[in-house]
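Participant: So the protein lines, in turn, are chains H and A.
Those letters in the first sequence? Residues 23 to 132, by our numbering.
Those letters in the second sequence? Residues 2 to 117, by our numbering.
Derived lysine-lysine pairs resembling DSS-like cross-links, with alpha carbons at most 25 Å apart:
| hint | chain 1 | residue 1 | chain 2 | residue 2 |
| --- | --- | --- | --- | --- |
| 1 | H | Lys95 | A | Lys42 |
| 2 | H | Lys79 | H | Lys37 |
| 3 | H | Lys44 | A | Lys42 |
| 4 | A | Lys56 | A | Lys67 |
| 5 | A | Lys42 | H | Lys37 |
| 6 | A | Lys67 | A | Lys15 |
| 7 | H | Lys31 | H | Lys87 |
| 8 | A | Lys21 | A | Lys67 |
| 9 | H | Lys79 | H | Lys44 |
| 10 | A | Lys42 | H | Lys31 |
Chain A regions said to be covered by chain H (calculated; three or more residues, Cβ under 8 Å):
| hint | segment |
| --- | --- |
| 11 | 30-43 |
| 12 | 108-114 |
Everything labelled a hint here was simulated from the structure, so no lab data went into it.
These numbers come from a predicted model, not from an experiment.
All residues carry an ideal CB built from backbone N, CA and C; glycine is no exception.
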Amino acid sequence: AQRVTQPEKLLSVFKGAPVELKCNYSYSGSPELFWYVQYSRQRLQLLLRHISRESIKGFTADLNKGETSFHLKKPFAQEEDSAMYYCALGFSGGYNKLIFGAGTRLAVHP
Amino acid sequence: GAVVSQHPSWVICKSGTSVKIECRSLDFQATTMFWYRQFPKQSLMLMATSNEGSKATYEQGVEKDKFLINHASLTLSTLTVTSAHPEDSSFYICSATGTSGSNEQFFGPGTRLTVL
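Whenever a hint applies, use it, and build me the whole structure from the sequences.
Facilitator: So this is what it looks like as structure tokens:
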């Protein structure tokens, strides 16, 4: 069965510290992985996806098929990065559904 | 671009009444729309997937007679919570995908439903 695991509910760091939000997935097919972010009182929005291989707001994520992981990283956290981060697995089950992980709240302290 | 709106943003109703929530893609044609439910401090739970002009596909455990979904056009999907009860109180979020073939979903701002 398809599953996305985000083991940390809360990640608390100080400004300028490196950040790594963990995401592991379970899927037998060819996955499409996304990171979505939800800032306070705002809608969910796409942060990045693995097929783009881009860096958004200093964040990067590399798909590791061997470890079935898609961890989100940023070398120097900023206070404005504080938000809820969701890892999502997309698969073509006929309707291009997304399966979301439980989410990790990132709190960046000054 | 790729903006999704929801209406209303919040609604309070009495137990036993029905509530309709609209989801619109404002600047693109949405081939598929999704409805999620989010409980406080929890992740999004996919309720159903709808394609324009066809019946919605419900996830396991979601009552299709309770949560009626209509996707009458490429820009509008509605979720009707029938005979609402306090346990239906939740945050309902819709999303939509376009015609690019990507799995990227564009999310609405959500609707807070409170059933008294």
